[in-house]
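Residues 1 to 97, numbered by my numbering, are exactly what the sequence shown covers, in order.
List of simulated lysine to aspartate or glutamate pairs, EDC-like, C-alpha gap at most 16 Å:
no. : residue 1 : residue 2
1   : Lys31     : Glu66
2   : Lys57     : Glu75
3   : Lys31     : Glu75
Don't read these hints as lab results, they were simulated from the structure.
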Amino acid sequence: MKKGLFLVLGVCLITTACATESTGNVMTKMKTCLTEQGWQVVVDGTLYNNGMSATAKQISTTCLNELSVQDMGIEPQTTQMATTILTALSSAKQTQK
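Using the sequences plus the hints, can you model the full thing?
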């Protein structure tokens, strides 16, 4: 009985660790995509065409589609990350002038 319990516990720990690592890896790729997309809208001057929130939503949707992770439930987190990245990139561009 104890061996079975340890086996189940071990499998649960491994599964949880793999799921956490997978989500972290996806978010790293997502941040890279958001930064690339964000920099593109800053450079081409379209950041404020529809407002920062709408642009953040657009680039987060683009990256979600590119990475095919829409069903993971990270859309709100991704939009917030996109907004943060756009704000930082916009500030960086302003200081370069």
